[in-house]
Amino acid sequence: MAHDKMAHNKMAHNDVIKAKLANGMRVVLKESRVAPVASFWIFYRVGSRNENSGATGISHWVEHMLFKGTDNFPRGQFDKAVARAGGIFNGMTSQDWTTYFETFPSDRIELALQVESDRMANATFDVEETESERTVILSEREGAENNYFWLLHEEVQAAAFQAHSYHHPTIGWKGDLRSLTRDDLYRHYRTYYTPNNAVAVAVGDFDAQEMLARIDRFFGALPAGPEVPPVRLVEPEQKAQRRILLRGEDSTGYAMLVFHAPQATHEDFFPLVVMDSILGGAKGMGLFGDSGNNRSNRLYRALVDSELAVAVASSFQPTLDPSLFSFYITLAPGSVHQAAEDAVWQEIRKIQEDGVRPQELEKAIKQTKAQFVYSSESVTFQAYWLGFSEVVASIEWFDNWLERLTAVTSADVQRVARRYFQPNLQTAGWYAPQGPQTE
Amino acid sequence: MTSAPTKRSVPGPENITRVVLDNGMVVLVRENHAAPVVVAEGLLPTGSIHDPDGKTGLAGFVASMLMRGSERYAFDEFNEIIEGVGANLSVNASDHTTDFGSTSLAEDFPTMVEVLADTLRRPQFPPEHMARVRSQKLVRIQERDQDTQQVANLRFFETIYGEHPYGRPTSGYAETVSAIQREDLLAFHAGHYAPQSAVIVVTGDVRTETAIDLIRAQFEDWRGDAAGTAEAQLVAPVQSTNGVNRLFYPLPGKYQSDIVIGCPAVARSHPDYDAIRVANTVLGRFGMMGRLGETIREEQGLAYYVYSAQDANLAAGVWLAAAGVNPENVDVAVESILSEFARLGEEPPSEEELADSQAFMTGVLPLTLETNEGVANTLLNMEWYGLGLDYIERYNDLIYGVSPADVQRVAATYLRSDRYTVVVAGPPSAG
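Residue numbers (the working numbering), protein chains in the order written: chain G, -11 to 427; chain H, -18 to 412.
Some clues are possibly wrong.
[What the hints assert, rightly or not] Interface residues of chain G toward chain H, partial, derived using beta-carbon atoms under 10 Å:
| no. | residue |
| --- | --- |
| 1 | Glu117 |
| 2 | Glu128 |
| 3 | Asn134 |
| 4 | Thr240 |
| 5 | Arg289 |
| 6 | Gly343 |
| 7 | Gln347 |
[Claimed, not checked] Here are the simulated DMTMM-like pairs of lysine to aspartate or glutamate, each with C-alpha atoms no more than 20 Å apart in a straight line:
| no. | chain 1 | residue 1 | chain 2 | residue 2 |
| --- | --- | --- | --- | --- |
| 8 | G | Lys6 | G | Glu384 |
| 9 | H | Lys36 | H | Asp126 |
| 10 | G | Lys8 | G | Glu215 |
| 11 | G | Lys8 | G | Glu384 |
| 12 | G | Lys354 | H | Glu58 |
| 13 | G | Lys357 | G | Asp3 |
| 14 | H | Lys36 | H | Asp76 |
| 15 | G | Lys68 | H | Glu280 |
| 16 | H | Lys36 | H | Glu164 |
| 17 | G | Lys357 | H | Glu354 |
| 18 | G | Lys162 | G | Glu128 |
| 19 | G | Lys357 | H | Glu88 |
| 20 | G | Lys8 | G | Asp387 |
| 21 | G | Lys338 | G | Glu384 |
| 22 | G | Lys338 | G | Glu391 |
| 23 | G | Lys68 | H | Asp76 |
| 24 | G | Lys8 | G | Glu19 |
| 25 | G | Lys6 | G | Asp387 |
| 26 | G | Lys68 | H | Asp165 |
| 27 | G | Lys6 | G | Glu198 |
| 28 | G | Lys162 | G | Glu133 |
| 29 | H | Lys36 | H | Glu139 |
| 30 | G | Lys357 | G | Glu391 |
| 31 | G | Lys68 | H | Glu334 |
| 32 | G | Lys354 | H | Glu164 |
| 33 | G | Lys6 | G | Asp204 |
| 34 | G | Lys162 | H | Glu309 |
| 35 | G | Lys8 | G | Asp293 |
| 36 | H | Lys36 | H | Asp165 |
| 37 | G | Lys354 | H | Glu280 |
| 38 | G | Lys6 | G | Asp195 |
| 39 | G | Lys357 | H | Glu61 |
| 40 | G | Lys354 | G | Asp400 |
Bear in mind the hints are in silico, worked out from the structure with no lab data behind them. C-beta atoms are modelled at their ideal positions from N, C-alpha and C, and glycine is treated no differently.
Kindly generate the complete structure, drawing on both the sequences and the hints.
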């Protein structure tokens, strides 16, 4: 076991312990004595970002295969053991990471360590199980394809990235899902599911030093793997505006506007978070960034109050490599795509020309503070935030979130608005029903 | 941050305060000083069961319009007050109830109670918001009607309940929502929004007396007629559809078919409710979604999602299963689900299989009660269905009181191969 390092989490006024096991596995721990529960997460630094053409969707499929059994926990035994102990569990794959979690009554948390350390190394990838999972994943994809908003998003994402692997949908292209083999999946698993490519997080009702010792007992003996292949892809600067027009059978019109924007660790990240919050409202700290009332933001007033749209949102997520700042619009009946797009542009230009008001900066900070307090009620949410923060940036980055947000000035927001939002830097996507042009 | 002295104790009669105000409104408070947060969750005893004919969606329309302006808070002001402090306030109509919720920092709780009271009691229904809210609702209805899962669900409930109010969607239909006028909103609010039998549950970082005083100050002078009495909640008995209904709704441009299949079941107060709840966990909930997940997803690889659920209310509800599959696999998936229905009624589950589900249902309780929101929801449910303040303490016995024979019996009684409805929505070729 390597050195422990104490880092003060200024947000939640609680101590976060960071450690590194001898095999290179990172550990992040936080005691939370609020309720008799604990959550354990393991993050692997692998996602669709690490995938090449011809093998897209492989990370997500591997995630599914880890529910298909090991020698110790044959298929069906893992999930039964967790549920029997009053636990909940899931797995998720994103562009940058794959993660698994269990949340338990705190006296049962050791079972999470047992199953996660087991399937980090011992998943069987049975050939028949691989085949039956192929159709499950095709079903997952086809369920999503039923939705034109999802299809438009896939098209826009693919158009926005030409060289970088963020081009690929996390679930994978259908052709790849039909052709990938058991051995491809197993190789991917053995390449990326190593202690040195993993971050374990535990938050809850336990003694942190004791938990660290337990984690070392379960994971410490797993051998380190070779270094994972680096992702060297760099998206070239966008030179031309890109436009997508998707047509289909559904009647509701959608529009999207996306712009390349920097990664979590970039100095412009926090000014863009503030811009996102002022334009589209503060985002919650829940598992899926849910938020409640959101009607006082600039976009809502400009598009929904004016009856151009029935819904509008902006989105800016922390990522490992430069990704996107996005706008999503659901058109009002009779409204045209171009008018909605122009209205978003008008709001961007206002910030480019005039910056933002001090009260808006203050509100963004207040909302963020409240969200941090709400999220402190759930060990599951806290562990999720700590884990993905360590993967896309660092715990210190998360720790300093509020401080960095508070330091953002109107001039900073104005500067990033000018730098990242230009007509030639945008990819626009419209969904419109078949038939006579309405846009 | 102080450590909560009550963290090991489950909510029960000794730590929940229950007060009934003079006007019949019930207030429940449970303190939790772990974080500076206060959550309030509540309900008014009116919902879509009170939608007049031809105006389906009215209760939902009223709920949406509440936050569009009240006597003291115009729309913009309301939004600034709530969002400026990072709070959340919501009002949504359901079938029997209109549910509301507030989450805020403890310091903002008094403001939230004041805003909530004004919103529920003195909405202004500003005419300029009528068209805007209507068009938002119409687009949501349009999106619902082009979504295979939602169409399968909606048509299932319409078919199984027939003319009963439970067969009508709270969100309404395009024609009925288009027909709603401002006068309808005013009349619904005047006729159905009343304090009798309304419930408000407060959990979090506030002293019990303070919370009760705040609610008293904002709500106790509210008077209403008998709209909130038990009689107003009566709905016609559900006329169970007999025989087998198989319906298909083609939606062009889709890739997957969604299936909802189920049978008439029981009310929340029925003696079989707990046995069905346990049996349902075995059937389509435990682990990777119970027996249905094991056969349909894991063994046959037919579906990404498959599960079952019991929907029980004041009047009789349903017991259903749902899955999304490739259009080619609709028939085999339906047959597999029906054969799992039948198997559960033909032979009792093993002691071990039943014990697993019971261990999950009882063991997961601390997770349900982790957050203020979880506690508030649980208490609200207990109050509304009259389960008693000791319900959580009795819960383990209720679950463990179900035997393998009970599971078999309720499955045989309700999951009937001669009396079910199956609805499929998907690409036209699947018909």
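Hint by hint, here is what the structure shows:
no.	hint	in the structure
1	Glu117	8 Å, holds
2	Glu128	4 Å, holds
3	Asn134	5 Å, holds
4	Thr240	5 Å, holds
5	Arg289	9 Å, holds
6	Gly343	20 Å, violated
7	Gln347	9 Å, holds
8	G:Lys6 / G:Glu384	10 Å, holds
9	H:Lys36 / H:Asp126	18 Å, holds
10	G:Lys8 / G:Glu215	16 Å, holds
11	G:Lys8 / G:Glu384	15 Å, holds
12	G:Lys354 / H:Glu58	17 Å, holds
13	G:Lys357 / G:Asp3	17 Å, holds
14	H:Lys36 / H:Asp76	14 Å, holds
15	G:Lys68 / H:Glu280	16 Å, holds
16	H:Lys36 / H:Glu164	12 Å, holds
17	G:Lys357 / H:Glu354	19 Å, holds
18	G:Lys162 / G:Glu128	11 Å, holds
19	G:Lys357 / H:Glu88	13 Å, holds
20	G:Lys8 / G:Asp387	18 Å, holds
21	G:Lys338 / G:Glu384	33 Å, violated
22	G:Lys338 / G:Glu391	26 Å, violated
23	G:Lys68 / H:Asp76	35 Å, violated
24	G:Lys8 / G:Glu19	18 Å, holds
25	G:Lys6 / G:Asp387	12 Å, holds
26	G:Lys68 / H:Asp165	52 Å, violated
27	G:Lys6 / G:Glu198	14 Å, holds
28	G:Lys162 / G:Glu133	11 Å, holds
29	H:Lys36 / H:Glu139	16 Å, holds
30	G:Lys357 / G:Glu391	11 Å, holds
31	G:Lys68 / H:Glu334	10 Å, holds
32	G:Lys354 / H:Glu164	39 Å, violated
33	G:Lys6 / G:Asp204	13 Å, holds
34	G:Lys162 / H:Glu309	17 Å, holds
35	G:Lys8 / G:Asp293	52 Å, violated
36	H:Lys36 / H:Asp165	9 Å, holds
37	G:Lys354 / H:Glu280	50 Å, violated
38	G:Lys6 / G:Asp195	14 Å, holds
39	G:Lys357 / H:Glu61	16 Å, holds
40	G:Lys354 / G:Asp400	19 Å, holds
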